[in-house]
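Visitor: Numbered per full-length UniProt numbering, the sequence shown finishes at 769, counting up by one with no gaps.
If you are wondering where the hints come from, they were derived from the structure by calculation, not from laboratory data.
Among the hints, erroneous ones may be present.
Below, simulated EDC-like cross-link-like pairs (lysine to aspartate or glutamate); rule was C-alpha separation at most 16 Å, straight line [stated by the list, open to error]: (1) 284 <-> 322; (2) 487 <-> 430; (3) 586 <-> 547; (4) 631 <-> 590; (5) 564 <-> 516; (6) 586 <-> 634; (7) 284 <-> 371; (8) 631 <-> 583; (9) 687 <-> 715; (10) 586 <-> 627; (11) 487 <-> 421; (12) 721 <-> 676; (13) 284 <-> 268.
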Amino acid sequence: MFTAGAESLLRQAREIRDEELGRLCSRVCALLGREDWGPDALDALRRLFLIVSATKHGRSLSLTCDRVQNTQQLGLVASVLLAQGDRKQVCSVGQCALRVLESRQPEGPGLRHLLPVVSKVTNLAPDALHEEQTNTLNRRLGDWLRHASVQQGVAHSSGGFFSTPRARQPGPVTEVDGAVATDFFTVLSTGQHFTEDQWLNVQAFSMLRAWLLHGGPGGSSTPDADDRSELEGSTLSVLSAASTASHLLPPQERLREKAFEYCQRLIEQSNRRALRKADSELQKACLVEAVLVLDVLCRQDPSFLYRTLSCLRALHARLCGDPTCVRALLPVAQFFLHHGEAAAVDAEAVYQHLCTRIPAEHFHSPLLALEFVQFCRASLPLFGRHLGVLRSSFPNLFKFLAWSSPPLTAEFVALLPSLVDAGTAVEMLDLLLDLPCLTAALDLQLRSSQAASEKPLWDVSVRAAGCLEAFRDPQYQALFQHLLRAKASGTTERLVPLHQLLQPLAGCARVAQCAEAVPILLQAFFAAVTQFADGTLTSQLALLLLERSDTLYEVPGYQARVHKVLSSQFLALCTRRPSLVVEQAKELLEFVGSLGGPHGGGHMLTSVVWAIGEYLSVSWDRRCTVEQINKFFEALEALLFEVTQSRPSAALPACPPQVITVLMTTLTKLASRSQDLIPRVSLFLSKMRTLAQSPAAGSAHGEEDARAVLTRATELLNLLKMPSVAQFVLTPSAEVSEPRYHRDTNTALPLALSTVSRLVERDAGLLPG
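Can you make the complete structure from the sequences, with help from the hints?
Guide: This is the structure we're talking about:
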């Protein structure tokens, strides 16, 4: 498995002594303590990693941050201690970081190495900071957000001959559109170089939402009228009256006020036309975060709500007309979900736009797909009476799933129970079975709409010229429109023509990935539906399983995997409602008569035949008649004859032995309920026993499978020699579910089977009379 050199290194790592390992750890610590790390540090780290991975030595480091003064080293040591997860160490790291923050001026160098540490500490141990420390950090964050320098940083001079003081004079920061900034610095301000407090501004915003959530709605701050910022006298470009008044607020409320102003400025900056694509992407990300922060602020302090509404209404109107900012619509919608009544917004219109246009137009964006589905999951408790909008839009949501099934399967498994209801269950099941076909149709939709100059989002190795022509053909437009519909239609369509047209795309990797996810989704679907399905819905689902079992999109391996799920779920539906067999006798007869042999390994056929033998009985449904039993017997007899007499081929492989044994058992069960059929089934079972003993059966099915068929045929023949006992054994009463039916050797099934065995053996002359 490993090369000789690798084996030698592993052996050395496993045989290392504790003293040598201790010396290596000391050397690693010394190397990491230097200002510049060279190749020696990297080599030592690699060796230590190999030793720890190959042995059972402890994976924790005995480090302390108490004596570390360099903020960069403190950040590195803290990251190790926090990763080890010891609560005492987490609290100790938090105290060290806060001491450094309290002892330095906000413009001091190196503080930005500590903010990620503080953010991680508050996440791991929310109560690690004292009230005064929390107030201090609230003040510092507010200052960094609102009072960062509006002049660009000074470039680091190389000290060359042509370096002049004039060349190093900093200019003002600019907006993303190139205009000189006339308001305070934010993460969207641009420049050639940045000062330390500007970097702190960026970091403060990155941890702002988590810190606000940590502070909570009540907070721990107390009013302090004399509180003043360390930077209150700093020179700033613009200071609003609201900002000046905010100095009189408690630290936490002051931070909220600064955060509100910061987010308002970001929203204004996001409306500028960026000169660079990277800045345009940053605008979108900052807009999302700004709206999320405003949502937190309004939930913690309702007084912000009325100052935010007009801004967000205008923002929502702008975003609806800008397809490039579609991701920002999700936090806006979440804001309206949280504050819908107070916001006096037509929430249903917002959700309709969200669920209708976004999945249909942007299903090919994997990041948006994940965020959209996670938004739906997180917002389920808030949808309330608008949940119907989400449920009726499941065909659109499934476009995300069809295109990006690997990362979204688990999300949809969790979301499905909330999406499905009695009104959409049948249509949803139908679409789940056609999900790989939907993937292929979405592929064609992209091929037909995307400009040739753009980077293709489809599999370019698959040629689909004929499929594209069919996609544009008016003859198939209705079927494609149904498959690509945005909302539930209340109907199901047979898409067999599309399956044939889209067959060239069945080999696409994306289609294959989607096909692998369908069985998992089907299990989740039925687990949810069975919680509320009544008799009518159960019958509809069972009928759909019969109809769709032989009309699946032909993706390699897809039919066999889906048939396993459908067969088990069909049995579960029949167990819940045994009268299904009598109520759908016509459909079951058509299913059995139209097969011509088992498909997909025979799973569906086996389940249907077993259900017929188990539940086609007066004991389960008084409407069952002898005529029905005779019709099913003739259909199953013909099917068994066909699958046993036909010669296996590539088109029709050999029938699995479990199908044959279930068919024989079901025929015997039906004969025990209509005893005129006993001679026919006895003759057939005798032929089956002879056939199973022939050399041809052994070569076609294998010796073990032929022996299983022979054993089952012999058992059933012996049982039929006593018809009354056969009926008792093969058609048990409802008491079969009670333990006494199996444990009481005097009155129940064990006694009947024992008696039959002895009598049959006696008749055969094996025991003395």
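Visitor: Checking one constraint from the list: CA of residue 487 to CA of residue 421, max 16 Å. Satisfied?
Guide: holds (15 Å)
Visitor: Within 16 Å, alpha carbon to alpha carbon, are residue 687 and residue 715?
Guide: It holds: about 14 Å lies between the C-alpha atoms, which stays within 16 Å.
Visitor: Quick one, are residue 586 and residue 547 close enough, alpha carbons at most 16 Å?
Guide: holds (13 Å)
Visitor: Just to be careful, I want the Cα atoms of residue 487 and residue 430 compared with a cutoff of 16 Å; is the pair within it?
Guide: holds (14 Å)
Visitor: Check whether the Cα positions of residue 631 and residue 590 lie no farther apart than 16 Å.
Guide: holds (11 Å)
Visitor: Take the C-alpha atoms of residue 284 and residue 268, compute the straight-line distance between them, and say whether it is at most 16 Å.
Guide: Holds, at roughly 12 Å.
Visitor: Does the structure keep residue 564 and residue 516 at a Cα separation of 16 Å or less?
Guide: Cα-Cα ~13 Å, so holds.
Visitor: Is it true that the CA of residue 284 sits at most 16 Å from the CA of residue 322?
Guide: holds (11 Å)
Visitor: Measure nothing beyond the straight line between the CA atoms of residue 631 and residue 583; if it is 16 Å or shorter, mark the hint as holding.
Guide: holds (14 Å)
Visitor: For residue 586 and residue 634, compute the direct alpha-carbon distance and say whether it is at most 16 Å.
Guide: Judged against 16 Å, a Cα distance of about 14 Å means the pair holds.
Visitor: Does the alpha-carbon distance linking residue 284 and residue 371 stay inside the 16 Å limit?
Guide: holds (14 Å)
Visitor: Just to be careful, I want the Cα atoms of residue 721 and residue 676 compared with a cutoff of 16 Å; is the pair within it?
Guide: Within the cut-off at roughly 13 Å; holds.
This entry satisfies every hint, going by the numbered hints stated previously.
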